[in-house]
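Model the placement of chains B and C on the given structure of chain A, informed by the hints.
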Amino acid sequence: MTTEPKKGHVAFVSDCIRWFLAGGLVFKIYLATLLIVMGVGVYAYGRQFQEGLMITGMSDIISWGLYISNFTFFVGVAAAAVMLILPAYVYKDKDFHAVVIIGEGVAVGALVMCLLFITVDMGGPIKLWHMIPGIGLFNWPSSILTWDVLVLSGYLALNGLVPLYILYSYYHEREPVGWKYQPFVFLSIFWAIAIHMVTAFLYQGLPARPFWDNPLLGPRFLASAFAAGPAVIMMVFIAIKEKTNFPIDTNIFFKLKRIIVVAAVINLVMLFSELFKEFYTFTHHSLAAQYLYFGLEGHDSLVPWIWTAIALNVLGTLLFAFDPTKCNPRYLMVAAISLFTGIWIEKGFGLIIPGFVPSPMGEVVDYTPSSLEILITLGVLATGMLVVTLLIKPALVILLRYTERHPEQEKVGS
Amino acid sequence: MDHGKKKNAPLRTAGLLANKCTRRSFLKGVSIAAAAGSAGLVTGGCGSVASSEEAKLKWQEFFKKNYRLMTQEEKNATVERLERLAKLQRGLDIQMSNQAPINNVLYGYAFNVTRCKGYMDCVAACVKENNLDRRTKTQYIRIFELDPGKLDPTSGDGKYFHEVPVQDKFYMGVQCFHCENAPCIRACPTKATWREPDGIVVVDYDWCIGCRYCLAACPYWGRRFNWGNPVVPKEEINTKQHYLGNRMRWKGVMEKCTFCIQRTRQGKLPACADACPTGSRVFGNLLDPDSEIRFVLQNKKVFRFKEDLNTDPKFWYFMD
Amino acid sequence: MKILTLHFPFRFLIPVAVFLNCQLAMAGHDSVMDRIQTADQPFDNMQVESAYQLPVKTVLVKEPYQGGVFRVLARKDAISRYRCSVCHTRKPPQARDGAIIAHGDIRINHGQGENELACIECHDRLDRDFLVDMEGKKIDFDHSYQLCGQCHFRPKRDWLGGAHGKRVTYWAGERVVMNCTSCHNPHSPAFKTKMPETYSLPLDE
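Residue numbers (this note's numbering), protein chains in the order written: chain A, 1 to 414; chain B, 1 to 320; chain C, 1 to 205.
Looking at chain A on its own, in the form it has when it is part of the complex (with noise of 0.2 Å):
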């Protein structure tokens, strides 16, 4: 790091980019293997391309597989920024606001993920082009995808524009000008929401899927998020708190624990909601559900993976709700991973596939990924995560440097 502030969009970018490769073996080992993942990904996606999707498990009936699964609980991630913006920006806390650009990063690259995922489920991604309004067609406001697109890409932008404005100020030595950034902010509140409920209403407006089909999906979608998305970023946290110079005062690990309690219990009640409509009376509706939580004629891939999926839901919203050890960073931890791992199992190939069994004409067949849609999977993770460390590592170069120039100011972000 250099004594003589330098200026100017290039030197902005070259100093990111240096500060983002910067580091140990560890870190150079982490950055090295998810570049090999992201490159076994890319075989794997140009074996796809070349032959097109049956070298996925897909078929006709489950139509929908990994990619998608993935592509939904990763919007709730996304989404999931807006639980460190509303404290920080609408209620004004400090401590909050000192990190709520960690959440973005993470919302950015949880947003880059989907889209991958997006793009490497269709059939024919050179043809995306078509969905462009004016040199293709627009199904709006027909269809829910082209209200995906719209709100996905938007918040794309707002969360990534306004950091990189803010990290930009900071890297120059000054404060980002409140009114040009914060009505985005605030603007971005309402669109996190939006972006989950167009996402859930992809599925919800879907009479043909009945286990889909149902008024709580949106609502339980944000519930879901909002737990799930603050235990990746909670996650991130200790991961800096462990790593790096970076203060991240314990009362954020405690507010934010209290944020996740109360998504994840409103999230097991909306679960228990579910399960009382599909088992207490058994309609033909219900057969996805039996599908799901028992097998159905004899398919029964999915039941070890569900019950899996509430014990660890369950587990992790205990752990956090009941926390002795007063945010004792590896506790937290576990709590998280056990907390995102269940949310990811039921809110990905836990909701997706089960949507599509039995199909509509009552036909009954299971799913299993291939292995080249497996690696492709991993690809796109591994593309999230290195996107999600190319953001944070200089903005946390950049606060850091801001803070320790600027003392007098009481703490960057606000």
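Hint data in this document are derived by calculation from the structure and do not stem from the laboratory. Be aware that a few hints might be false.
[Claimed, not checked] Pairs of lysine to aspartate or glutamate residues, derived as EDC-like cross-links and limited to a Cα-Cα distance of at most 16 Å, are as follows:
#: 1; chain 1: C; residue 1: K192; chain 2: B; residue 2: E236
#: 2; chain 1: B; residue 1: K159; chain 2: A; residue 2: E173
#: 3; chain 1: B; residue 1: K137; chain 2: A; residue 2: D60
[Said to hold, decoys possible] Chain B side only, calculated, beta carbon under 8 Å to chain A, not exhaustive:
#: 4; residue: N66
#: 5; residue: Y67
#: 6; residue: M70
#: 7; residue: G149
#: 8; residue: P153
#: 9; residue: S155
#: 10; residue: Y160
#: 11; residue: F170
#: 12; residue: P183
#: 13; residue: A187
#: 14; residue: T190
#: 15; residue: L215
#: 16; residue: P219
#: 17; residue: W227
Note that the structure is a prediction, hence the values are computed from the model and not measured. Note that CB positions come from ideal geometry on N, CA and C, so glycine has one too.
Just chains B and C, lined up with the frame of chain A:
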């Protein structure tokens, strides 16, 4: 709008910082870069022996409009290009039609549950007529063998292969029902599928991006997706094709029953109705009060599948 | 700031837009049954020019259907030894191995259980070139529907209207339908069991 694209694309990074209203131009820039790259991918798939004619045709095909927005000349031009491409790529002489719907026609279909014996002549005829993938045994029609007591195909067995008809069992066939209020049309993000004026729900295969949302939206499992490149032996390819119907498809696009649009717009019965040995399938013009389909609707107790979903399908079932 | 002013009213317009879209979607087209109720003008089938005349021999059906007259596939050409009166004169038929070369192999499987039909219940006793109805009136082979329709009057009514039987090739153009014996062997009319033409895959393979 067009001149803005080129200006914004190279200045993307700076534009992101300076101009807040760049979502559209950002998308445009990315899309142009992607389209350019992908157009390269498209023509790159020609192979080393490819003539520049084939590359040029594929390029033109890639950048054309949605079928509904084309003028008649453009429609004729694309049909000619596709005929030429079939000759170059497969060595086939095909006749592709872009025949418009007949005036004052709305196609309807009725299925006689008493008469169907499960022979599946309809399925075999459909596969041949519509150039369906032989490798994955794609079939638009599915016949269910049901036990008495439930008139519901979902309780039936669609995978039987034994002598039919079995005593005390009965048979029902399903396919795309060409709904007037189709959920698939509403779901498609690019308007690649729509309902023609004569009632047939069609797919513009060149426009479909393969997102499979319509497959999720259809309550009757009426649609099929090409997970890989369809394989049809050359001698079995039906060369009388329609742009919206049985022309050769490729991987990554949706397809479905089109009521044999290449036949019905010429006044012929669809292949399934023509092939049925028991006469269980009735097809005709719903707007013709003297048609057979109207006689069925008038004189038989008909019902439609999943009526409560308000999809308004044009496929009825009846019993003698 | 510009986006701010654009988006806030946009937000409120969303429920309005969705509501309007639903209304438009439903008002944009009538339901099928509504369109059918209002469609009472006759449709000129002959306007479909590509419904060419078929190269098959047909006769005009003696009874009309709801759309007027129609044609049925002729039958006599399909009978290999028509005219029957070549052998069946007033005298008993004289042909060597007659039972083998003609139709001694016909087994009647028409009528339930013990109540099988006898040959002369359908074939005219005196003029084998014709069929005969229950009142003794002669029926031409080409118009066998008049014979079958005596007992099977419900399928016959459906056949006239179009709910039974099949049109030949075209749904448009002049109506040409199959006759009863196109599908049903008159001596053993029930459809046989056979293996299906194809099979459908198990989908999780």
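Status of the hints after comparison with the structure:
The straight-line distance between the Cα atoms of K192/C and E236/B is roughly 29 Å, outside the 16 Å bound, and the hint therefore fails. Of the supplied pair hints, the one linking K159/B and E173/A is violated, its CA atoms being roughly 71 Å apart against a limit of 16 Å. For the given pair, K137/B sits about 12 Å from D60/A by alpha-carbon distance, which is consistent with the 16 Å threshold. Look at N66/B: its Cβ gets to within about 5 Å of chain A, closer than 8 Å, so that hint holds up.
Below 8 Å, beta-carbon pairs count as interface contacts, and Y67/B has none with chain A, the closest being about 10 Å; its hint is therefore violated. Interface restraint check for M70/B: the shortest CB-CB distance to chain A comes to about 12 Å, outside 8 Å, so the restraint is violated. Annotation: interface hint on G149/B violated; nearest CB of chain A at approximately 15 Å, more than 8 Å. Taking 8 Å as the C-beta cut-off, the interface hint given for P153/B holds, the closest approach to chain A being about 6 Å.
Hint status for S155/B relative to chain A: holds, with the closest Cβ pair at about 6 Å, below 8 Å. At its closest, the beta carbon of Y160/B sits 13 Å from a beta carbon of chain A; the interface hint therefore is violated under the 8 Å criterion. Here the hint on F170/B is broken, as its CB sits about 16 Å from the closest CB of chain A, past 8 Å. Interface hint at P183/B: satisfied, since its Cβ lies 6 Å from the closest Cβ of chain A, which is below the 8 Å cut-off.
At its closest, the beta carbon of A187/B sits 6 Å from a beta carbon of chain A; the interface hint therefore holds under the 8 Å criterion. Proximity of T190/B to chain A holds as hinted, the smallest CB-CB distance being about 4 Å (cut-off 8 Å). Restraint check, L215/B versus chain A: the minimum CB separation of about 5 Å is within 8 Å; hint holds. The restraint placing P219/B at the interface with chain A holds, with a minimum CB-CB distance near 4 Å, inside the 8 Å limit.
This hint holds: W227/B has a C-beta 4 Å from the nearest C-beta of chain A, less than the 8 Å allowed.
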